Amino acid sequence: MEKDISESIAWAKINGDVLKSLEAPRKLYWVILVAALTLFGVGLGCEVYQYQIGMGVANLNNPHVWGLYIATFIFWIGMSHSGTLLSAILHLMHADWRKPIYRFAEAMTTFSLMTAGLFVMVHLGRLWQFYYSVPYPNERGLWPNFQSPLLWDAMAIFTYLSSSVIFLFIGMIPDLAICRDHLHEGWRKKLYTILSLGWEGTDRQWRNFRVTYLTVACFLIPLAVSVHSIVASDFAMSQQPGWHVTSFPPYFVAGALYSGCAAIITLFIILRYVFRFEEYMTLPILKKVARLTFAISMVWTYLNAIEFAAVWYSHDQAAKDVLLQKAMGPYAPFWWMMIFCGSVVPLMLAVKRFQTNIPVLFAVSLLLNLGMWLERWMIVAPTFSHGYYPWTWDGFQWPSWVQWGMVFGSFGWFTLLFMLFCKIFPSVSMYEVKEMVYHRSLASKKNELAEKGAH
Amino acid sequence: MSQQHILALFNNFENAEAAIYELRAADIKGFNFDDLTLKSPIEHHEVEDLLGKRSANVQWFTLGGALLGGLLGFFLISGAQANFFAQMKGGKPIVPFPPNFVLTYEMFILGGVFISVLGFLVCAGLPAKRSPLYSAKVSEDQIGILIKADASAMAKIKKVFTDHEALEIQEEAGK
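First to last, the protein sequences are chains L and U. For the first sequence, the tail end lands on 455 under this note's numbering, and the numbers increase by one without skipping. For the second sequence, the tail end lands on 175 under this note's numbering, and the numbers increase by one without skipping.
For the record, the hints were derived by calculation from the structure and aren't laboratory data. Mixed in with the good hints, there may be bad ones.
[As the list claims (entries may be wrong)] Below, in silico cross-link-like pairs of lysine-lysine (DSS-like), each with a Cα-Cα straight-line distance of 30 Å or less:
1. L/K13 - U/K137
2. L/K20 - U/K137
3. L/K190 - U/K148
4. U/K53 - L/K446
5. U/K129 - L/K190
[Claimed, not checked] Only some residues are given here: those of chain L computed to face chain U with a beta carbon under 8 Å:
6. F146
7. I166
8. I170
9. W199
10. E200
11. N208
12. V216
13. I230
14. W336
All values reported here derive from a predicted model rather than from experimental measurement. By construction, the Cβ of each residue, glycine as well, lies at the ideal position given by its N, Cα and C atoms.
Build the full structure now, drawing on both the sequences and the hints.
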């Protein structure tokens, strides 16, 4: 059986390799950065245009009051679940293969949430009205409606974002101390000196670090589940046909883990090449992530089938009409594409030789996320175009170029933040990789001794 | 008697472990075992056996923070809703528990996480100034043992370190 990581890597080499990634990435890094900056510029331009002219340019109108903005908002919230899965759930399960890759997954969580938060503002149009979703009374002493899932959403996302940032930072402190100790003088060294808080790796620090990390991990798991359940409640607690479904919260959570895992594969492959992390982000680890993604894809497929069945057998004619419209109406190409990308394409991950085939995995992971983005769009748009009242049956309202520009801009914004993070902070956890190497070498020494004893 | 610091660096955990066992067994005058600090690039679970049970009290901060967050959340929401006591609610409760539970739960987690981190900083003594003796090699691949002891005990401590193949020994006079 192939090893997740070589036990013979010297600890000094681990430091050296990861610190090198902060200085000299491959050229592709800069290409990605420029592309991300360009996309972000497009998104920013669209936002400025929409802000100046008004929401009309987004082609958001009755009955289509939620468009790509809310669909993409859900997509980015979903993406954020990967970090929690890899960092918290697998940490509690003692799956040590997560160690070389969890840092960038945590960063993904943080930046996805930041991107998702932007869509709330973009969707509002009048940015200053954001404060209506903050638990703060207006000039008449009226508080927001605490019984609204939209307010729960604001609170849940704030909690998740702040906790994720804290989790990312706490987990990074020992590595920041390594950066402080081993990088040359300059602004970076000053930054690491401040952020490492004077960490020296004493027994007292490690002891409290372990308890804190575990505690925050324990909090993050129910928090992640609650965040996406609450996002699902934005829909499920309404009376709209197609949304008022009991299985929506678990369906959303499964979808979130699914798109997060697919994104981990994409970024794994990119970082492995760009920062020359072949020794740490190994193919056996990629294989495990691919298998995990396959398992979650099947859960998602099952929950999709449950949702369709629940609608079909519920005798709710309006909900049934929405489902039929998705399958046979103007949204059919996108809906079938969603089914194909989300349920058929992942079957390739079940084939052993594809589980370590980097070009195939890269393409599959992109298709999976295309499917997951379409899923969110197919949740939002068809219901608005086929509500309870006939006047809503306008069929199809194609989003304007401003909406599309903002969607592409969000990918640029996310990529920009993520790539800058990977260049400034270690994207592979050095101390955890050392722990992994240490424990595995101890285990193999024990095995050798046991074998010698047996002979 | 003036106190001094001494730091020894070891190539591996086994040598450091053996040195600590000997220091504990040696009962050197002027050296208190609680003044020994182990520094390592990774977390060693074996350290607890080695140094004896030393407390980690972060979990009490967590408990306090979570309870405080939950209570604060619930009373903030209920207090805001109680402003509407004079309005007709059509038979609905002024303070509805099921929807309030969601935000209470979020605040429970928020309080738990924030105060846990505060607890971590307090319990781990962070942010901290550099200790009198520090080597960057500890964050790379070497294990360090830092001891604060009377000047009279230094020779014996140094000998223990040398006997266990310390790679480097640094000494500094204390205040």
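Tested hints:
Proposed proximity of L/K13 and U/K137 is supported: the alpha carbons are some 13 Å apart, at most 30 Å. Distance restraint check for L/K20 and U/K137: the Cα-Cα separation of roughly 18 Å lies within the 30 Å cut-off, and the hinted pair is therefore satisfied. Annotation: proposed proximity of L/K190 to U/K148 holds, straight-line Cα distance about 29 Å (limit 30 Å). About 27 Å separates the Cα atoms of U/K53 and L/K446, which keeps this hinted pair within 30 Å; it holds.
Using a Cα cut-off of 30 Å, the hinted pair U/K129 and L/K190 holds, with the two alpha carbons roughly 14 Å apart. Of the supplied interface hints, the one on L/F146 holds, with its beta-carbon coming within about 5 Å of a beta-carbon of chain U, less than 8 Å. With its C-beta approaching chain U no nearer than about 6 Å, L/I166 sits inside the 8 Å limit, and its interface hint holds. Hint status for L/I170 relative to chain U: holds, with the closest Cβ pair at about 7 Å, below 8 Å.
Annotation: interface hint on L/W199 holds; nearest CB of chain U at approximately 7 Å, less than 8 Å. Hint on L/E200 holds. Least Cβ distance to chain U is approximately 6 Å, under the 8 Å limit. For L/N208, the shortest C-beta to C-beta distance to chain U is roughly 4 Å, which falls under 8 Å, so the interface hint holds. The beta carbon of L/V216 is positioned within 8 Å of a beta carbon in chain U (closest approach about 6 Å), and the interface hint is therefore held.
At a threshold of 8 Å, the smallest CB-CB gap from L/I230 to chain U is about 7 Å, leaving the interface hint in force. Hint on L/W336 is violated. Least Cβ distance to chain U is approximately 36 Å, over the 8 Å limit.
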